[in-house]
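Order-wise, the sequence lines are chains H, Y and D.
Note that this note's numbering has the first sequence beginning at 1, numbered continuously upward.
Note that this note's numbering has the second sequence beginning at 248, numbered continuously upward.
Note that this note's numbering has the third sequence beginning at 507, numbered continuously upward.
Everything labelled a hint here was simulated from the structure, so no lab data went into it.
A couple of the hints might just be wrong.
Label-pair restraints from in silico Cβ distances [to be verified]:
| id | chain 1 | residue 1 | chain 2 | residue 2 | range |
| --- | --- | --- | --- | --- | --- |
| 1 | D | 628 | Y | 499 | 22 to 30 Å |
| 2 | Y | 359 | D | 636 | 48 to 56 Å |
| 3 | D | 731 | H | 102 | 27 to 35 Å |
| 4 | Y | 267 | H | 46 | 53 to 61 Å |
We put the beta carbon where it would ideally sit given N, CA and C, even for glycine.
Chain by chain, the residues:
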Amino acid sequence: MSNDVKVSVRNLTKCFGDLKVLDNISFDIKKGEFICVVGPTGCGKTTFLNLLTRLIPQTSGEILIDGEPADPKKHNISFVFQEPSAFSWLTTQENIEYGLRIKKMPEEYIKQQSDKVISLLGLDRFRNAYPHEMSVSMEQRVVIGRAFAMNPDLLLMDEPYGQMDIKMRFFLEDEVIKLWKATGATVLFITHNLEEAVYLAERVLVLSAKPATIKAQVPINIERPRKVSDPAFIEVRKQITDMIKWW
Amino acid sequence: MNAKTSKLRDLALSVVSILCLISLWLVLSSSRPDFFPTPQMTWERFIELIEYPVSKVSILGHIWASLRRVVIAFCYAVVLGISLGIAMGWNKKIRAAVEPIFESLRPIPPIAWIPLVILWFGVGEFPKILLVFIGSFIPIVLNTMTGVALVDPMYLSVSRVFKANTLQTMIHVVLPASIPAIFAGMKASLSSGWMVVVAAEMIASKSGVGFLITRGSESYDVALILCGMILIGIVGALLGVVLTLLERWLCPWTTKKEK
Amino acid sequence: MDNKERKVMLRLENIAKSFYARHEVFDAVSDVSIDVYENEFLTILGPGQCGKSVLLNIIAGLEKPTKGTVDFPASSDTTMGFVFQKTAVFPWKTVMENVELGLQIKGTNKKERREKAQYLIELVGLKGFENAYPYQLSGGMKQRVGIARAYCVNPDILLMDEPFGALDAQTRYQMEEEVLRIWQAEKRTVIFVTNNIEEALFLGDRIVLLSACPAKVKEIYIPRLERPRNNIDPDFLALREEIEANTDLAL
């Protein structure tokens, strides 16, 4: 893995009127890195995400991608939200190809990307199915496939597995790791679930309560596939839990 | 920008748009004021209207005449319409039996009933109230029915687990849950009723704001026509505001989140 | 455990439930038999959309089983409280009005039911919010109202249907601790449905694991773990992995 910095967040601050939500946040994401962001409930994770997607302007500070200010027109930022958002009028394959078509990629490349993602997800049988013919988890996998197929500069995921049962969650988490390894994407994954963060991330960013600052950056050097009952896993999970426990 | 300044900005924009409308009126009316009186002429006619009764009824008397017809008919429509709407929304058999009647009557504009009602009942107060009732009854029934039929089944389960009887379920669950739909129906019904009363008064009446317009038309008093139209607009808007305030007072839980 | 000695509050025998949709028959529950004992905290665990909520609705009398019987051997007049998912708190009633509703329907006089409701509102930690409407409360607080409302009729059996499913992982931990605290203060027979293994294991005296649709009892686990349980304790994690391995994946 290279050490090039892909995304650089510098002194990011956001206020709504007198209310300071984010306070002077700085961190780097390396190319091809998988980062999880955790923090206590209500700490401003949503605001943080909205800044990264450029939905709202920051009060001060900057977000750089490849050394230039992040710009949705120039950079390729994809998202996956908690609620599946596959286009209901498109089939699995058309959904996965959608972003590439918007970017006017060559037909051959589109075909190659969608075939790769569909085979990684094992969705061959559902290639021509519409979202309403699939379960919620299946639809979410299509959305995740669509995001990875874009070869994004930065892939933002906001609790995509929030409502799934644990068996399903581990299945999908293993799948997202597989996609990430195969595509080399740079991923920032936001979650409330500390176990999920430790299971997925190469590095966990721990935010403090409002106004959010970066409380710690915890590297996770546990071999994959990880096991939640592994003592090293338990140790890291406990360390992060103690940092944010408010309940 | 904070909430206060953005509110001020929105208010300023509203004032500007009304001023634009009046300017347009000024420009358009300046060429043929006998066909289209200027704002100033209309205002003077309005002052005159306050001082000199039309057909021996003062301006407030005319407004009251129209309002009275609407309010009486509306009260009947609300009481009967909500009851029937609840029955139809709650009981599938009643709905199956009654809904086709409403669906076939609904496309007939209430104004189309005027000739028939005048033929049957003459030109007194009752036929006008009946016409307004016809115009305002149907929206209330259909909206209430939809609201009741769409109450979240989980809310009904709560009431069943507590072993509530039908009356208790109505009072604690069904009615409050469908209040937004009922109020939407009441607003539609009131504005429909107001339209019908004006139409009825224009055809056969000696009082009311609709009568003012007809009188203006018969005597080439164009400014009086405009006065009547503006009055209709203002009173109609006020009626809507009254209902909105009533809803807010009755249903504090529908107040939007203050963050 | 000497289950024979304990009073059986609820007996499910060979419960099955099928739904008829157009020309298809869909089996949600098939042949479930469980005894539920007095004052036990029973969690029913099942993957995705299996028939676990249907089973709870059958116990509550909201749905009729296609086959089998629901018995209350302890008393023919068993009262039940039901905690639904968060949206079931009535938005048009204040916290107080929501909580006292069950007693109001029973016809309890105002003074008595207000006293009881006030006690429960304080027990669930909502003192000061008696006159607030649900839109003014967070998700976790709404579910506290739901719990207090169910408790207020003094139920013999408390049924909870994925009450924390819509909450975030951290608020969920907080609410799990809360529900145990309330249960320890006001012991009841609790039947708690969830799809979350960690939650089932943190809460349950016994854990009934259901299969994917149609739901059958796959296994009943009795965790030998001291309360308060610790979700990163090795024994806890070991049992969690055992249950996980035995759970059906419902894609």
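Worksheet item: Can you list which hints this structure breaks, lowest number first?
Response: 3, 4
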